[in-house]
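If you're matching them up, the sequences are chains A and B in order. So for the first sequence, my numbering puts the first residue at 41; every next one is plus one. So for the second sequence, my numbering puts the first residue at 41; every next one is plus one.
Calculated from the structure, these hints are not laboratory results. Please note: incorrect hints may appear among the correct ones.
A pair counts as met if it fits within one copy or between any two copies, since identical chains are not told apart.
[What the hints assert, rightly or not] Result set (SDA-like, lysine to any residue): computed pairs, CA atoms no more than 20 Å apart in a straight line:
#1 K276 <-> F128
#2 K121 <-> Q147
#3 K351 <-> E230
#4 K121 <-> T152
#5 K121 <-> A157
#6 K84 <-> A161
#7 K84 <-> G148
There are 2 protein chains.
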Amino acid sequence: MRIVVLAGGVGGSKFLWGLAQEVGEKDLSAIVNTGDDIELHGLKICPDLDIVTYTLAGLVDTDKGWGFAGDTFQCMAVLEKYGQPVWFNLGDRDLATHIFRTQALRQGRRPTEVAEAIHRALGVGARILPMSDDPVATHVLLGNGPMHPLHFQEYLVQRGATDEIRGIEYRGSARARPTEEVLAALQEAEAIFLAPSNPVASIGPILAVPGIRECLWETQAPCVAISPVVGGRSLKGPTDRFLRWAKVEVSPLGVAGLYHSTLHGLDGIVIDVADAGDTSRIQALGIRVRVGEIVMHGPEEKRHVARMALKFLEEL
Amino acid sequence: MRIVVLAGGVGGSKFLWGLAQEVGEKDLSAIVNTGDDIELHGLKICPDLDIVTYTLAGLVDTDKGWGFAGDTFQCMAVLEKYGQPVWFNLGDRDLATHIFRTQALRQGRRPTEVAEAIHRALGVGARILPMSDDPVATHVLLGNGPMHPLHFQEYLVQRGATDEIRGIEYRGSARARPTEEVLAALQEAEAIFLAPSNPVASIGPILAVPGIRECLWETQAPCVAISPVVGGRSLKGPTDRFLRWAKVEVSPLGVAGLYHSTLHGLDGIVIDVADAGDTSRIQALGIRVRVGEIVMHGPEEKRHVARMALKFLEEL
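Use the sequences and the hints to build the structure in full.
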């Protein structure tokens, strides 16, 4: 069965890892948010792509959720001496990815080709596809009075996502085109998952690329979300803050409703037992619900969520 | 006394370090070969500038003569996975220099300004000046029949300098201009040293920049070389091979004669006791000679060579 997963970073990568263990990597494709991409030190950094890649390669630092396990930070210490901004911590091994990617892009290779070269080199069998080869940059607007735009990474990492959000922009998304690889994956998909990633800041930029949403409107494949919200809180990161800005209830019901309206119909959602009380209200939207333990820490929990999602799919 | 040293990498940096201990850094300027510069992984590498900088900063790996002491090589290991050439080993801390420099150059800063930002950040008080802001690339020609050009670093590092040399090109040198900083340093110099570096591959590219040699022709400052050859062999690297190609005897006499003709007069040369037998023949060229122990391993030997060279200068 050809499975496509729309994914952000940490949450998406955990779910993908579990899926890869359960069904193998051969027919698994991830369409990954690139709205978080940022250039630092003259290097192109693609945080979500790298998290997904390192996770599927079994190389990720599972404690932090990003970067290579056991990485060192020697280079950053010297970059700091040179007066470079070091709020975005890049490990020495991780830097190889950014150096390789930056050079390959400057040589004219497409981001999709470069992403493939990287994940193949690290032994990943699944396809990891940037949502677009065109640049999209998610910005968060803050402040009272004049809006103060910050790149998503500045908001998340530099400021710790502490400010209330006044607006979101997916800069460049109106002109961005999905790649042939993304369109083909969606058209050939027999199942589509929306990973437990931030619906506004991670899945949102993917769905904002003209053509991707339309593919999801038209697909015959069942489309199932895994809730990124458990017990009224984000599983990871500031998802709750983004949902509140979008006037979406911070609950599986809110997330289900958002996807249902954006995608012109969501087939199902997997929610946590903590949110079992949402079940009937979600079902009232015409969305099937599977309730289970969806918090993923260790490998067994990741596989469990994947098995649950796959079983749910079979029953749809 | 304002001292200018023309220098390549390891030998030049050792001599400079000794001088800096003896006379301080304030009035010390190094004009450094950039013909060895190479772009790898999309990063601009300036081996001689970096060796001189790290050495004067007290950060160099004194065993190897290049790179940061205690550096690690995590990034290179991953770059190798990405199929990148890894024959030129770059440490994780060292990479910060190349990343910072590459970004600063892309932003339009001059190589001289970037070199200054780097050595100031690392606490070096001497001036470390690239010989030119224009690109020069030393190539070595090998082979029988058709000449096979190799970048100097490919010849030295990748092939271990094992091939016989059939030619040398300082590519770009005819169009290269000395910087205002280099010209000012030479015009204000009260003493000029030719460091114990490769006369053909390290000092040669500096002298090939139009305008630099002319400054040395016209200067009133005494010009003293420290022999890079001891007992018929290079102190470091393939200097002997380069001298043979240039049809220069691999001896202090040969080196003195080469500089004497190139500079329209060399005032003096410091040679090793092993070569004391060359003294009268060098003096016959009109060049003063100082004989002493010039092999530099530990810090005391470096200071000793500097003291000897400074005393020699006083007596000229």
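Q) What are the numbers of the hints the structure violates, in ascending order? A) none
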